[in-house]
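Visitor: Each chain, written out:
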Amino acid sequence: MINRKSALGAIGTAPLLLNLPASEPAKKPKVKSVIYLFMPGGLSQLDSFNIYGINKENLGKSTALNSSADGIQVSNYFPNMAKKMHQTCLINTMTTGQGAHPQAIYKMLTSYGMRSSIKHPEFGAWVNKELSTPKDSLPNFVQINQGREATAGFFPGKYAALTVLDPSDGIKYSQTHKAVPVNRFNKRLSLLDSINQDFDEKMADTSTKAYSDIYSNAVKFMKSEDLEAFKIEKEEASIKKLYDMKDKFNQGCLLAGRLVEKGVRFVKVTLGGWDHHDKIYSEFPSKAKSLDTGMAGLLGHLKEKGLFEDTLVVLATEFGRGIKVNVNHGRDHFPKSFSCLLAGGAVHGGKVYGKTSADGGEVLENPVEVTELNASIAHAMGMNIEQKILAPNGRPFQVAGKDTKLIKEFFV
Amino acid sequence: MAKLKNPVQAINQAIELKVKELGQKKRPGITHHEFCRRLYLDVIGRIPTLDEMNHFIADKNPNKRALLIHKLFKTKGYVSHFHNYWADLLRITYIGDKLHSMVNYSEWVKESLRKNKPYDVMVKELINAEGDLYKPGNGATGFYAREVMQLDHTASTVKSFLGMSIECAQCHDHPFEDWTQKEFYEFAAYTTNVKLRVDPSPEEEKKEYKEKRKELKDRDFDEWIVLREAARVKHAEIVGNGSGYLRLPHDYKYKDGNPHEVMAANSLFGDTPEMNYIMKKEVLQKNKNKKILGPAVNSKQVMANWMTSKNKMFTYNIINRLWYKMMGVELIGPLDNLEYGQKGEHPELTDILADIMVNVKFDMVAFMKIVMHTKAYQSKALSKQVEGKNYFLDGPIFRRMSAEEIWDSTLSLVLEDPEKSVLDHFRYDGFTYFYEEALKMSPEEIIKYAETSKLNRGKFYNVNDKKADKYKNPKAVNFYHNRASEYRHPITKPHMLKTFGQSTREVINGSSLEPSMTQALYSMNGELEDVILRDKNNYINKKLSQLDNNSYIDQAYLALLSRKATEREKGRLGNLSLSDKQDLIWVLLNSNEFKFKK
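Those protein sequence lines, which keep their order, are chains B and U. The first sequence finishes on residue 412 if you use the working numbering, and the numbering steps up by one all the way, no holes. The second sequence finishes on residue 598 if you use the working numbering, and the numbering steps up by one all the way, no holes.
Chain U on its own, in the form it takes in the complex (with noise of 0.2 Å):
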């Protein structure tokens, strides 16, 4: 605990000079009601149970507040909350045809988070990720499965680990900002050659599967493409590492370069790593064929480096966006397109900000815990538009819980166990479960189970979900007793989700915080009303069931808003008839206090 008062002094201090300096109003700390939710909802993603929230209310010690922000950063709920965090920022979704599941990613991400790898370790492992796509433990292969297209994901690998947008020079230089298309084309060459190979490599394909295939397709089409899934499953692999090199394209205008020139990959900015070439620039310039772009080098490693270490953008990306997600104001810039350099509007808060990260080595729950301890985190939440204020850095935002928010804190009132359904260890799906199968299968034996197990496509695919969740998966819940996390993305069925504006993750941070008439119609017709209102045997009801009226007040109040009920509003209400209870659920449930951050 002692380590933290410096860094949390050092956050408070330069806030407090900033607002005395500036003449604003001090802004008031919060309740300890007002904290539980607040906290409950920025660690774990939904607002605390019943149970939690009178727990807590009713604990004596004065470190009350310090013990919450450690213990919920160690429970299943933080993994569940921030994996949804990363897999907007990477778009982890299904994405069809030659890539389908994108369950082992997520459940890299998974794992990262229940390890707390250091944020600058994942980096690292999403850009060096090589080997099988659906090998338990190694979906990091997913970053590159995600975006094949080599120039597309250089743009996204920029955006998301240096906040910056450089994608308009991928086919001119920019038009207001410095990137050249020049400078783009030798960023992109740190990842030329690395590639997704869905099919077997082309000596095992000659050996061992094309004879096959050939007859298969001339006679049966469910057996020519189940033997087609099967062994990609099997053997669809990120290979290469990079050769540094990378040609202009064909129709390159500018005087600074020639099309189909040679590019040497170069950083953005900062000093050009070192890199070891095998083959010279001018000799592969030399070679007719304009596909060969060079021997592998393992230049992603190279890049990989640069990106992460004393990179200042580095830094500055992931506390601009972990200060966003705390707070909800940008601390320094735009979360997907910051300046080279920028500062913000409190360069001193940057600074200190920066070097804790650094110091904590890129630690993002330590990170995270520490601005939690900070005056401005356990202030009131303010409106933006409040008159006469400039500075908004001294405390949170007012905003609207996300769509998985929304969704997690509905499985607060319904069940006990919120995070029933999460795991604390890897879960398998057809992929995963079928990959593991066919490492003990020879090719003669994969082919014989194209033939012979009567399965088409579709099929393929369900067989092997089923049997992933009989022999390696807990009992599945409930359908709608899942959490956001727990969902195969996309969801393919309506959900409440989807109406909030969970992110379709066909881009970065795609999510959306807007209002819809869809929304306020499901909210006050749907099936919330069975589900929640009406529903005997769920948590809330069960807890409240036996309640005198102004109890049942207070705890709905408290369940629902984590607040007791103002004597006004108990005036308003009088005395509850059965139909009345149910009522104040519904009204609880669709008031924009129960669905903003405050």
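Chain B extracted, bound-state conformation (with noise of 0.2 Å):
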């Protein structure tokens, strides 16, 4: 038995950086914020976006509709997109080791394996963490729609996401209670203020001091202007026009659209349910019209607002959907190939990038990685894919993932 020596020195608590020569310098970034559509549970490709050229009989109920981009068809029940397919990157040769959805949607948001010995930071987190700068008023992680939580993983809880449940409610508990007027709270908060102090005159600590800031930060925000960016009804009538405004999956892309506008960096917005394992063609239509008219319409926002050229739109799901439709007239998980969408001002617009074969089952050309998928992002935002961040426990982590490749291509 070997016998254990004692390791190098003590491991640091907070993440280190270890500085590598970069291979390539800091270019400008082509992009400066990104809008994450997330779709959960497996959104079917062969019922989307993979239509040219696919047989007839892997369809499904699903026909053809031609797009404004030339060798680019998407289904039937994406007439909105359809009108903006000249605007995207369509990429159909996704690929994913994953087939269980837990590890291949933590896989997509984290570039990572799933391990129960790490909590790896969101790929939002990466971007608070990296890409924030002392001016910015409001957080550059937020997601909409979905609560999944810890999303900072072994970073600092500071760059976990700002959470919006419900985007027609802004953000809750936001406002004083409805019982509460202005004058009393007050009142509360100065009483609360000096039986903090007389604490910290026997208790001085850092972590007492956290939880003093974060309430003026908190009471600052109550006030803040930047509390608008989260009220969808007070935006101009000829954006929110442009949606289905009952919608909730619209609503949350027209906060996005309006946080962007703020300078937010990174805002998710998910749409789930489309684990479609029976019936699909029952359940499929209404959430394809969601994300359809949502989707077209934060694109029609972006435009209108000036912002298409520096916003990123990406539609990721984790995993795509089998090619014949089984038994149950449902489709079941296909992470063999599947598709995902850039748009936005950075972007080929009009492209395909990869190709199947025409039952949609093989990659025959270009295959994409999920974290080849994220390094791009990344570096189109400005982040260094090389750069390794030690977690507490020393180990060294990237943010699309080890030793990820780039694929320029997406980009112009």
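What the hints contain is simulated information worked out from the structure, not anything from laboratory work. The reader is advised that the hints may include incorrect statements.
Unchecked claim - Computed, partial: chain U to chain B, Cβ under 10 Å:
#1 CYS168
#2 LYS498
#3 GLY510
#4 GLU529
Everything numeric in this text was worked out from a predicted model, so none of it was measured. Cβ atoms here follow ideal geometry from the backbone N, Cα and C, with glycine treated the same way.
Hints given; two lone chains; assemble the complex.
Guide: Next comes the structure, spelled out in structure tokens:
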């Protein structure tokens, strides 16, 4: 048995930067903000965007619609996106090794495999950590319509997403309780201040200070104009018209556009419920409608507001669905090849990346790993994909996984 | 009581000596008020109710502190609080898909705490767990179901019970410690072929279910899935007890072994335990089918015995964790990252505590009682940022309450009996309930159930959950009157527990004590206004309602901060109107003093 020797010194508790020589100097970022539209459950690619050149019998009940881009068709469930495909780069050859939801979602959002020993930060937490500046008044990672917790992983909790569960509700508890008028609230605050100060006299500690500080920030936030950004009802009528305002996902997209307008760097909007193992054509159409109207509305919104050039919209899912409809009239998981979309000014509009076989089952050209998609997005935002950050336990991690490669062809 | 004097003295003396040696100031003792709040939080995980506090203060018995220690360890509150501790360590949570209910696993923890099972016995039960997953009382099987990947499971086992992080060595020789990938695989070999099988055994499946399943699959998705789920509840089990062999991976790159080479199980340090192999390693190596890894030899029991017998890291890990839990300070090193043989900054104290743990035969309650009788435990808490101080083993450290402690403490304000949601016996859920029903059903009857019940997957779970509550469990309390230990994890609605950093149990000990904007907004503007301040019928408002100004202030402080108000504070408050009284509660609830343990 080896005589266990002591390790090298103490490992620090905060993530450390390992300075490694970058192989490429940092270029001017192509993209200022990302709106990440996430479809957990597995968006069926043969019922959405991988349509052109696919055998009819594999499309199930979907039929092909021509789009605003040559050589790209969408399914009949996406008539609004059909008009926007010239603004998108369509990736039909996404591929992942994960066939189960938790692991595949985890991989898509963090670029790493699920392990019981460590929790990796979501991509948005990396953005929040790496790209935030002192003058940012809003957090740079907001998630809408979904409450997956602890998104900061091993990064300090302050980089976790600010969650908006219901976009029509704004930030929960951002106003005083309805029974508490402002002057009474202020009276409470000043009493609270004194009692905290008394306590600090006896117990000066950074952890109590951190709490006092966050209370001050919260109070500031309650009074700040930034809160207005979270009120979708305040948006101009001409923009609201672009959306189906009764639909939650549409509301989320509208909110995302407003936040990007205020400078937020990464907004994730989730629309779940795509896991149609059975009866796909009774449930898929209404989901597709939400996605179709929401995403098309968002692209129009960004154009109107002059944000299209600097914003990247990503449509992602964790895996695709089977190329044949099964006995229960559904489609099962299909990690081997599925589709994602990129849209925005920096993107090669109207382009298709990668080719599948005519039945959609095989990747013939240019497979794209989940990590490669994430690396390309990170690079476009100006992040260094080779930079290693040490987690508190001393292990090194990168924003898009270990030694991932970029795919430059997505961007102009 | 007499037996306790020696270990307590030994600890007192060791610490006193060290403090003197370092020239540090001796810490003063704590008041009865401070002791009461501290003990309730540390043993039963919530602040004392106003009645409990007043009762303790009024008690004239000179031994009241010792009596309170003994009393609290016997309560339902203790089981509730320490359940959360184990649940975070073992990551007890719903993980969907093939493995659903972890309630049975939780119940195993609770029952172990009720019986005060020694720690080494608990660990042995977990490692040796086998058999039906949803059988009431067999919840230790959750240990294997929680992590079905053998290598990840090995890393978790080592971290949980030895306090060491070896997971880097899963994929390569550890970059800055001694663990090699080969050693990792050798240790992992103890649990080879221990598996979770959710469906009926292949024989049973072929004989009883296969035909019908195919029929249902073609006919009706819902019936098919109900059959699948129903059969799984009955049959899901941990099978296999370990073959003691494991092959190195296909891409093994080091010189000390070859890809696919068969490794015999070996311990991480100390002696190599004896194993009664049936098949020789060389014979297994010759087998072309690399998935075959040898016949069962109960190697997991060998590992369990090695882990728990005269294993110093096993002892160090638990005393390190329990000391941290009581004091907020690392006795030996980081909770999940001890080095082999590490003794921490005060080796004599570590040795004393290790001896105590061995002498009490891993009775964790006996151990904690001893520590709680020491001068160190009963001294003033300090911040770790105190100037000119390096040695912190002489008393507790000031730190925030856990999410569970904060939530459970709100119940001390709202309920006269904060433990009313906690049971003193097994709680059924849909899975354990249906398991017992399914035992009485033949395969034909289970098939018939699937065909005729008109359920779908979700309804199957709900119906059985409701039946468990109706026929087996006492009447459920209001959802918001549950102590943290009584919720299914994860809680699916927004809840204060999640806001304040309860662990998602995706990783070991994954809870957070960090502040967040959401916490501040919630505490200032959220439902606590209605539930605590404005509900006239809740416990605290009923207690305080008839009091005069002076008494109101004192009792409010006692209820929330476990102390009376100072003259200065009373002067600042003056005469309180009704809305002022509510404001006072709001202020105390939002204060740092409420949420920090001292």
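Visitor: Compare the structure with each hint and give your call.
Guide: Outcome of the hint check:
no. : hint   : result
1   : CYS168 : holds, 7 Å
2   : LYS498 : holds, 6 Å
3   : GLY510 : holds, 6 Å
4   : GLU529 : holds, 4 Å
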